[in-house]
Amino acid sequence: GAGVSQSPRYKVAKRGQDVALRCDPISGHVSLFWYQQALGQGPEFLTYFQNEAQLDKSGLPSDRFFAERPEGSVSTLKIQRTQQEDSAVYLCASSLVWTGMPGELFFGEGSRLTVL
Amino acid sequence: KNEVEQSPQNLTAQEGEFITINCSYSVGISALHWLQQHPGGGIVSLFMLSSGKKKHGRLIATINIQEKHSSLHITASHPRDSAVYICAALIQGAQKLVFGQGTRLTINP
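For the protein sequence lines, the chains are L and U, in the order given.
Residue 91 in this note's numbering sits at position 91 of the first sequence, with consecutive numbering throughout.
Here this note's numbering runs 1000 ahead of the position in the second sequence, where the first position is 1.
Hint data in this document are derived by calculation from the structure and do not stem from the laboratory.
Ideal placement from N, C-alpha and C gives every residue a C-beta, glycine not left out.
Mixed in with the good hints, there may be bad ones.
Said to hold, decoys possible - Chain L is faced by these chain U residues, among others (derived, beta-carbon under 7 Å): (1) L1046; (2) M1048; (3) L1049; (4) S1051; (5) A1083; (6) I1091; (7) Q1095; (8) F1099; (9) G1100; (10) Q1101.
Assemble the whole structure, with the sequences as input and the hints as a guide.
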């Protein structure tokens, strides 16, 4: 497709389970972002990639969260030993431009994670 | 205090009314985004601006860099404009977006 694709759209996990969320950005987009959006809140920054390099991971809430983009295209956000507070919508966005240059962002539909 | 603050948090209006949503920020920015999020849906970028004013259809966005303030206006509002509108500031020198809490807009027919 032409847009940013995320999967799964919905994921229910038992507390303690590991989950992996996938983001397929728009082809050729250099920058990729992950955001976490709790119910009724605005999104919060998790991490940013420029191609395969993770340039900023300051928003990852704990060492249970890990993100990668090994070939500079598809990215995976992994959450280990999920906790109830991890329940949120995880949004991925991509942008054509390089670091330091603001560019239009294209968002995926999000992956809604519910931890029971 | 949040780095990006929006007002109002909720806004209900009648079809046809002129709508204004405000966004203030306290950090240095390189750009500011206005985004639209429908219930259960993804986020759509409406505007990205770093100065002045942009217009697209019935939507107008303005920014005053000196006052660290931006506004989103909707003219001749319609029920299909009902959504959450979010402003997000791109932190100067970084690619980190800081989001406002969003404004939930409801336009009644």
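Structure-based check of each hint:
| no. | hint | verdict |
| --- | --- | --- |
| 1 | L1046 | violated (10 Å) |
| 2 | M1048 | holds (5 Å) |
| 3 | L1049 | violated (9 Å) |
| 4 | S1051 | violated (12 Å) |
| 5 | A1083 | violated (13 Å) |
| 6 | I1091 | violated (9 Å) |
| 7 | Q1095 | holds (5 Å) |
| 8 | F1099 | holds (4 Å) |
| 9 | G1100 | holds (6 Å) |
| 10 | Q1101 | holds (5 Å) |
Checked against the numbered hints above, the structure violates hints 1, 3, 4, 5 and 6; every other hint is satisfied.
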